[in-house]
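Number of protein chains: 2
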Amino acid sequence: MLTLFHQPLCPLSRFVRLALGEYRLEARLIEERPWERRQEFLQINPAGSVPVLIDEGEPPICGAGVIAEYLHETRNGREPLYPADPGQRAEVRRLTSWFNDKFHAEVSGFLASERVFKRHMTREQGGGPPDTDAIRAARHNIRYHLAYIGWLVRTRDWLAGDELTYADLAAAAHVSAADYLGDVPWSEDEAAKAWYARVKSRPSFRPILAETVAGVPAADHYANLDF
Amino acid sequence: MLTLFHQPLCPLSRFVRLALGEYRLEARLIEERPWERRQEFLQINPAGSVPVLIDEGEPPICGAGVIAEYLHETRNGREPLYPADPGQRAEVRRLTSWFNDKFHAEVSGFLASERVFKRHMTREQGGGPPDTDAIRAARHNIRYHLAYIGWLVRTRDWLAGDELTYADLAAAAHVSAADYLGDVPWSEDEAAKAWYARVKSRPSFRPILAETVAGVPAADHYANLDF
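Just so you know, the protein sequences line up as chains L and G, in that order.
All you need for the numbering used here is the position in the first sequence, starting with 1, plus 3.
All you need for the numbering used here is the position in the second sequence, starting with 1, plus 3.
A hint or two may mislead.
[Claimed, not checked] The list that follows gives simulated cross-link-like pairs (lysine-lysine, DSBU-like), each with its CA atoms no further than 35 Å apart:
#1 G/Lys121 - L/Lys196
#2 L/Lys121 - G/Lys196
#3 G/Lys121 - G/Lys196
#4 L/Lys196 - G/Lys105
#5 G/Lys196 - G/Lys105
Rather than coming from a laboratory, the hints here were simulated on the basis of the structure.
Since the structure is predicted, the reported quantities are computational estimates derived from the model, not experimental observations.
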């Protein structure tokens, strides 16, 4: 049995939930609030961050990228999320990191922290009113990422090539967190929107679309497959 | 023939150079100044960052972690830098990411940018006087990372277990960039110091120790194996 420590609007946690869904793996979900720095959790992951996957008898698998490699190595399904060629895999990893690292640092990390996580934090944990400059920067930055997604899928079926890969799951996970908050300017890029509609309609996406976060209502169109 | 776009005091570039050295691979080195956002380089890596490895006939391999996976998959030597067991590999990846992401964000990225890269940047590129608060924070943060290294190697031969792995190369790469600048408080942890002395004496480290950066002299003890 797998167990996943996650946080609902954390885009890195969403990425792992989508990967588990694509591999048709069930995992027990435990909602962790990393900002509380719970001692038992710090013993599992000294970095104190989510996601963390527990696979009994193994060391804790810490971090979105590390979990992706682990699932690929141990639970690779009939439709793998990496292509067979090492050069093509490098391209998938480049784009996965683009979203899990760069998009997270420039857009989705700010939005989730400032608009959601901070509400639950005490002042000592870093809580307080949202930093409107950070939110404004995130809403500015998302435009060029959306244009990049659109540019990629105008020449390819999926972000990294002919097949759905981890790159699509990473991009969609981060976009979905911003979309929950109504912060994706969909009218700016039709190709990006059409790509997201395709990913969003996969069965792996359903649990994420069905979930709402207490005190933070989802944008009206969030769960709508025809948005 | 391999080509590596790198920057001498960039710890992520150093990590890749150490990995190439351990695999006994020669690569042509091209010094890239990412802050200049050279058009030809942006076409190779749209993220604009180093390191980038070029392996003829393949897409560009962008980013330290992506390069590590690629070398493992295509150039795995007699002494691999990942263990054979997937759970143990996850532990190596956790620690590699600890240094390439966390240590970089809290220590070595600040030090390299504020103390070195900014000197070469115009005001438009983000240049200007060093941010002394950022440098002070990095010098504060390095203490707990050094303690973590020390804690790990008091119970294991190398950071992630019985063998040298990518985790040791990542940690040593980031520590070496800080050490060049004289910002490692070695007297604080004897075990961490003894571990670094072992990594530093490997042949893969020689080119990095021999290199100096124009205008930024290395700390006196930097290249000394008995520091």
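Violations among the numbered hints: 1 and 2
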